[in-house]
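Number of protein chains: 2
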Amino acid sequence: MSTPENAGVAYRRYLSALMLHGHAGAKAVGLGATDLYALNILGLGGSMTPGELGRRTGLTTGPTTRLIDRLEQAGYVRRVPDPDDRRKIIVELVARPTGLDEVLAPARQKIGAIVQGYSPEQQAVLFDYFARAADAYLEATTELHDKRAL
Amino acid sequence: MSTPENAGVAYRRYLSALMLHGHAGAKAVGLGATDLYALNILGLGGSMTPGELGRRTGLTTGPTTRLIDRLEQAGYVRRVPDPDDRRKIIVELVARPTGLDEVLAPARQKIGAIVQGYSPEQQAVLFDYFARAADAYLEATTELHDKRAL
DNA sequence: CCTAATCTCTTCCTCAGCGAAGAGAAATCT
DNA sequence: AGATTTCTCTTCGCTGAGGAAGAGATTAGG
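In order, the protein sequences belong to chains W and U.
Each residue of the first sequence is one higher than the last, beginning at 1 in the working numbering.
Each residue of the second sequence is one higher than the last, beginning at 1 in the working numbering.
FYI, nobody ran anything at the bench for these hints, they're computed from the structure.
Worth double-checking, as some hints may not be accurate.
Remember, identical chains collapse to one label, so a pair may be satisfied in a single copy or spanning two.
[As the list claims (entries may be wrong)] Listed below are the simulated SDA-like cross-link pairs for lysine to any residue, each with C-alpha atoms no more than 25 Å apart in a straight line:
hint: 1; residue 1: 110; residue 2: 143
hint: 2; residue 1: 110; residue 2: 79
hint: 3; residue 1: 110; residue 2: 29
hint: 4; residue 1: 88; residue 2: 123
hint: 5; residue 1: 88; residue 2: 70
hint: 6; residue 1: 110; residue 2: 144
hint: 7; residue 1: 88; residue 2: 110
hint: 8; residue 1: 110; residue 2: 72
hint: 9; residue 1: 88; residue 2: 113
hint: 10; residue 1: 88; residue 2: 124
hint: 11; residue 1: 110; residue 2: 142
hint: 12; residue 1: 88; residue 2: 111
hint: 13; residue 1: 110; residue 2: 70
hint: 14; residue 1: 110; residue 2: 13
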């Protein structure tokens with residue numbers, strides 16, 4: 001049942017299903033791939049300047065400006081002047097991203113129900129895994145990014 | 001540590017990190033969002049005709065043909081004639097997708113190491129979760145798809 | 001046998017997103 | 001204060017992906 005090879009297959013299936021869902025959700029609300037990418041970066045890294053966002057998305061300044069324009073127009077982010085440096089602007093995530101969360105909500109409810117079906121100890125294992133896996137993915141993504149920058 | 005609200009935050013962080021990594025990996029090997037989407041569909045649903053693939057990606061026939069062209073040229077899929085119906089063609093995933101797996105391998109190793117750090121009972125919980133969550137996401141994606149088809 | 005339906009592929013057009021280069025404003029350094 | 005650097009934003013041209021319509025080949029039905 002959980003032999004090593006089956007485990008790998010199951011995990012790949014899980015990953016694919018997850019990415020499929022994310023993509024379908026983004027498409028349903030008319031969000032481009034780069035847009036979703038940027039939203040994830042902002043959600044994980046917190047507010048940042050357009051320059052920093054451009055660096056992390058791998059975009060030059062022109063597309064970055066228009067990326068923020070799109071996100072701002074769609075109501076996902078907001079431009080706030082930096083009080084310390086008046087050249088700079090800070091891009092921050094608006095508290096309640098309107099469309100995407102609603103589209104993704106049914107899946108979250110299903111996941112929530114699954115998680116609640118486990119015992120407290122088992123839930124602790126899952127949450128521990130989520131935290132560690134998130135770190136691992138972020139680290140791996142950073143390494144990917146560094147390689148591209150060669 | 002794992003209060004309900006913290007759990008939600010941790011899970012969102014996990015999800016974001018995962019999608020970020022997938023996107024960065026696809027970008028690193030020059031794969032578009034739709035390409036990756038199609039590869040996931042093929043991996044989960046098995047071989048299918050271009051028509052079926054187009055339906056699931058939400059593309060019309062023209063873009064679907066070129067999508068398959070791109071994937072075939074990149075060595076990810078193969079066109080095989082259908083023996084029963086000579087109008088049809090079957091698109092099947094090539095056994096060893098060349099570039100993407102290598103790019104994503106470091107992250108998988110990290111995840112593997114994390115999983116192996118748990119006890120057998122704990123690992124069983126994780127794998128059980130993976131299987132159930134995959135089903136839940138696939139179901140939710142299907143529902144999303146049906147809504148779009150209205 | 002001949003018509004209608006099905007499936008893939010091709011062609012043409014449109015448009016969104018990216019890169020490069022430069023302009024303008026503000027901070028830093030001498 | 002003047003010069004340089006650091007930001008963001010704008011403009012231009014280009015590539016690439018998607019939609020619409022139709023052609024060609026094959027199967028199914030009257």
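In rising order, the numbers of the hints this structure does not comply with:
2, 4, 7, 8, 9, 10, 12 and 13
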